[in-house]
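Chemist: First to last, the sequence lines map onto chains L and W. According to the numbering used here, the residues represented by the first sequence are 840 to 1089, in order. According to the numbering used here, the residues represented by the second sequence are 550 to 869, in order.
These are calculated hints, taken from the structure and not from any lab test. Among the clues, some could well be false.
Heads up, incomplete: computed chain L residues facing chain W, CB under 7 Å, no partners named [as the list claims (entries may be wrong)]: (1) M872; (2) I876; (3) L883; (4) T886; (5) N928; (6) G929; (7) D987.
In silico lysine-lysine, DSS-like type, Cα no more than 27 Å apart, as pairs [stated by the list, open to error]: (8) L:K1039 x W:K855; (9) L:K1031 x L:K966; (10) L:K904 x W:K729; (11) L:K1039 x W:K859; (12) L:K1039 x W:K854; (13) L:K1039 x L:K1018; (14) W:K867 x W:K854.
Beta carbons are placed, not taken as given, at the ideal position from N, Cα and C, and that holds for glycine.
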Amino acid sequence: MTDTSIKYLLQLADNALILGHRLGEWCGHAPEMELDIALTNIALDLTGQARNLYQRAAELEGQGKTEDDLAYLRDVWDFRNVLLVEQPNGDFAHTIVRQFLFDTYNYCLHQELAHSADEWVAGFAAKSLKEIAYHQRFSSEWVVRLGDGTEVSHAKMQAAIDDLWTYSGELTLPNEVEKQMASQGIGADLAKIKPAIDAKRAEVLATASLQGPTGTWMQSGGKDGRHSEHLGFILSEMQFLQRAYPGQEW
Amino acid sequence: MTSLNLEENFQSKIDTEIKIEPKDWMPDAYRKTLIRQISQHAHSEIVGMLPEGNWITRAPSLRRKLILLAKVQDEGGHGLYLYSAAETLGADRDELVQQLLTGKAKYSSIFNYPTLNWADIGAIGWLVDGAAIMNQVMLTRTSYGPYARAMVRICKEESFHQRQGYEIMMAMAGGSPEQKAMAQDALNRWWWPSLMMFGPRDSESAHSDQASKWKIKRKSNDELRQQFVDVTVPQAERIGLSVPDPDLKWNEARGHNDFGEIDWDEFWSVVKGNGPCNRQRLQARIKAYEDGAWVREAAMAHAEKKEQRKIEPEAAVKAA
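Construct the complete structure from the given sequences, taking the supplied hints into account.
Modeler: Below you can see the structure in the form of structure tokens.
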């Protein structure tokens, strides 16, 4: 395993950590008690996945770092998550659309990773796939429910799609790390999974009578550490205790 | 049966430890008392998510973050569970929630205190959940069946919450000087409000007599409070924290700890809405409810449309 493999694991881990963090912000504030529990559940799954991935990355690095060193002691430019997951929760429509765009990608990604040439990655992906399948079902159902529900909900959903679509392209736009990992059969070939992701999104949006915009400029850079302004605030909150009182056990 | 016989029959079931079930006859006052108590308990779980949720985004390690997320999620689950128990008595969840949002219904005053440092998350688990368990273990034997059964399940999760809270306190009390100071600060602020959780002194408690005759409540406020003090004081000593009560002293003759007088002015003041966070807690619940209205309406509208679409093709087939 190489430096590239570690970077690849960190990309996966950072996506899960940051999206889980955003979902955690809903805790106690969701539109319905059942939704509060569901969003927290997804946050738990994602944070748990991030933990596994950081542990593995730390092990491969072999410098005695822990999962927490990787989550709490790297700065914005070290983080490899896509721009989509760091976008603010906004209203519930934005949260659901963000989740839906991520889940549709994440599901196909992990389906592919379950056949990775790397045994650890394959095992991790197979295990996570069950959780991710639930996430995708949850967010897809809510896209349909809110797209179909009332005029108000439909308008809010369409607005959220229009706002967030610009971050949907980065997910399947491979960077150098992903290209290398795919060529070694460890990572997923994003070009290969893109049609399935697009088809799933189109199917759900059509059922919800929502429009996926065309010709949108796609933002990117997160995978290589060039982030939106939001990530710095996420990290300053998340890393506060570790930064203010370094080296302590909690 | 005459109403007198019904009442005698009801009381004799209680006296012989037969649980009252939803379809059994029960006095109106029993039903009302239970709805009030169970819904207050449910509201407390839901509002209680807020002070702890306050630290989810700042939890100091991934492990702690996962535990805290799971704990707050459990509380949401307890809330739902308890609303369901109240519904077995003919209450309506939406109406109960409205009572919370309009300030008509109370929830546990403890959640009107702020969480100011990470050790507060430990203190809540250790002290607040610890105090709640004293009450809830008693309620596993309460006379109303669905409530008693809900408590059995809730108690299992609460004892996990209590342990993880104590574990946080232990880690911090044994950590750096700053961490120890945080732990002591949290204990100082949460100790007295935790004792207040058991309610007014027995001599002042409005609901106690009837509630014990109906075996809704099987121990008095003061008994439970004493039990809590006796269990908790040695736990504080074990991790080197001091309980902020100069009058706290083991009384050999009584076999219990003597402890100082609670500031009852503070207690009543927080009950009346003047705690440090009463406004914020209620506003947060109202905001969640109002911001979420369009989501709930859309979900309903979608369900109705779906139902309609199922009926329409059938009607079309019949018409053809």
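Chemist: Taking the hints in turn, state whether each one holds.
Modeler: Tested hints:
no. : hint              : in the structure
1   : M872              : holds, 6 Å
2   : I876              : holds, 5 Å
3   : L883              : holds, 5 Å
4   : T886              : holds, 6 Å
5   : N928              : violated, 11 Å
6   : G929              : violated, 11 Å
7   : D987              : holds, 5 Å
8   : L:K1039 x W:K855  : holds, 21 Å
9   : L:K1031 x L:K966  : holds, 22 Å
10  : L:K904 x W:K729   : holds, 25 Å
11  : L:K1039 x W:K859  : holds, 24 Å
12  : L:K1039 x W:K854  : holds, 23 Å
13  : L:K1039 x L:K1018 : holds, 24 Å
14  : W:K867 x W:K854   : holds, 20 Å
Violated hints, in rising order: 5 and 6; the structure is consistent with all others.
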